[in-house]
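If you read the sequences in order, they're chains A and B.
The numbering of the first sequence is the numbering used here, which starts it at 1 and goes up by one.
The numbering of the second sequence is the numbering used here, which starts it at 1 and goes up by one.
These are computed hints drawn from the structure, not numbers from a lab.
Check the hints yourself; a few may be wrong.
[Unchecked claim] No farther apart than 20 Å at their CA atoms in a straight line, the calculated lysine to aspartate or glutamate pairs in the DMTMM-like style are these:
(1) LYS254/A to ASP30/B
(2) LYS56/A to ASP98/A
(3) LYS56/A to GLU37/A
(4) LYS35/B to ASP252/A
(5) LYS225/A to GLU77/B
(6) LYS35/B to ASP224/B
(7) LYS254/A to ASP82/B
(8) LYS225/A to ASP82/B
(9) LYS391/B to GLU122/B
(10) LYS399/B to ASP252/A
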Amino acid sequence: MRKFVIAAAVALGLAATPQIAKAAGGVDVPSQSWAFEGVFGTIDIPAAQRGLQVYKEVCASCHGLSLMAYRNLAQIGFSEEEIKALAADYTVMDGPNDDGEMFERAAIPSDRFVSPYANEQEARAINNGAYPVDLSLIIKARADGANYLYALLTGYREEAPEGVDLMPGMYYNEYYGGNQIAMPQPLYDDFVEYSDGTQATVSQMAKDVTYFLKFAAEPSHDERKQMGIKVIIFLLVFTGLAYASMKKIWADVKK
Amino acid sequence: MSTYNPSNPLVRWIDHRLPMFSFMNEHLTDYPTPKNLNYFWNFGSLAGIILVVMIASGITLAMHYTAHVDYAFNSVERIMRDVNFGWMIRYIHMNGAHLFFVVVFIHIFRGLYYGSYKAPREILWMLGVAILLAMMATAFMGYVLPWGQMSFWGATVITNLFSAIPLVGEDIVIWLWGAFSVDNATLNRFFALHYLMPFVIVGLVVLHLVALHRFGSNNPIGIDVKKGSQDTIPFHPYYTIKDTFGLGVFLLVFAGLVFFAPNYLGHADNYIEANPLVTPALIVPEWYFLPFYAILRAIPDKLGGVIAMFGSIAVLFILPWLDRSPVRSATYRPLFKLFFWILVLDCILLGYVGAMPAEGIWVLLGQVGTAYYFAHFLIILPLLSKLETPKPLPTSISKPVTGGAAPAAAPAE
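So that you can see chain A by itself, here it is in the shape it has in the complex:
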């Protein structure tokens, strides 16, 4: 058993090496507490719903969410009718029809979130050359994504500190690499009005939209952890039985 412990420790040590290395190179952002953390963590559904509102009313004017379909919203508690109604607010280009014409129609639940731009070139033309990234995977595409996004959204400062020359059209953000970001501060207190009565402070909205984007980055998050618990319980029993059997079988082997 002692040797087994050594073997396991070596395995863990090897597995931990890259993380130490990665932590040493990353940007430090303050950690928040999130409901999806830990083995039993899940997406906070009311927060994710409020986050969708923040995304729709604030982020969506510049940022796409192209990997998400409207139907995915069922997983954060929206009913089929609500999703249909929500999708119907958007128009998508479809076709060609039998006459060879492209036509516009209202979006349906199986459509992906409609992008604010026709293409990247249009996005750049509108935004002074900068390209507002698609937010579908933003939480996974940044180191410590949830904390980073929250820090970024709450990290704007009215004025750059002494000695920092902001380039024209840039804004000062404490947590953006290089501190100069082309995106103006997106959130101000009471920018949106929550229907559940939650006070829409900047930090509340930042947190809510982070929950929503965490869900968007990985719609299977809750399912994954719930299945994981079952798998681990099964494996504990399996490994325990294997261990007991091994002890019994090996009992007659002389050292």
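Following the hints, put chain B in place on chain A, whose structure we already have.
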């Protein structure tokens, strides 16, 4: 084998014409195995099991993947979002690759510690090194397929290494790419080769096993065991159950990663679609390549770096002829044991350096680590074989009391 006499007439009928049952009986059931193998001997069978898991999950992923620069990234996300349990299959494949290397590295260091590369197991060892090379090629090409930023830039950096070859280097790189940069042609051929290589590995593993079963497993004491003596026990049920227990522990770690930290070992940048116009701030390979990456960067000359990197594997091929000590196990070689652990630390240091930007203290540490790595194999081991006085070896596993003198362990051939 001669004692194998199946009672079932159908089995007997088949076995007379196609001796698969007696083959399995000889190699999976009766196969005599030293009775003192410790848990480090679990990692060989574990590696075989992961290979099967990787092939099974990989074939499933291939059914849903699109190898085209415009679709690859989104097809992977489609697997993650819309394919039934696609997220699980992909996370198994991703984390399986990481754990494959963890297991194989432990397997290799076990071989180094217990002298498993020594006569008569030199070819067994060399086949193992060939498997490692094939695994590295497979993992590298597989990492390109999701077509994220690290996929693209990793592929660009690594394929560019071949441009260091004098005269024909540039042409070779264009030939590898199938274009003038890493592009659609590159992605397509990497997909084809990534699908091919695992079966090459399977072939090498079969040869590895044939060579293993010629003389049987080495063991922690490192002396030859006499077949049919008190020193050996049949593989089944003793090692089948021990391997099953080891598999259970391994699967717990595997499931822990897949279900609770699936992206822990990966790099966030690979969730950004490949963009040839934007270079990531720091291009880092996956952790299992970091020591080799550190060796590559330790040499200021490009060609020299490439030679050193491939040399770090090549030196393993000739290891059986560098370490001439007749004693296999480090247990009986106090100095060798000390240097073995220094080598382990050196490899971890190189891995750490590989993840750091090539500047300041890291350059020096990388060079010292690289120099030590080669010194271990090319200078220390040959010298130790001559200078070290091994402890007396036991005459058999069943009699751990020391008896014979050191040379008793010298292989019979």
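**Request:** Determine which of the earlier numbered hints do not hold for this structure and return their numbers in increasing order.
**Result:** Hints 2, 3, 7, 9 are the ones this structure does not satisfy, whereas the remaining hints hold.
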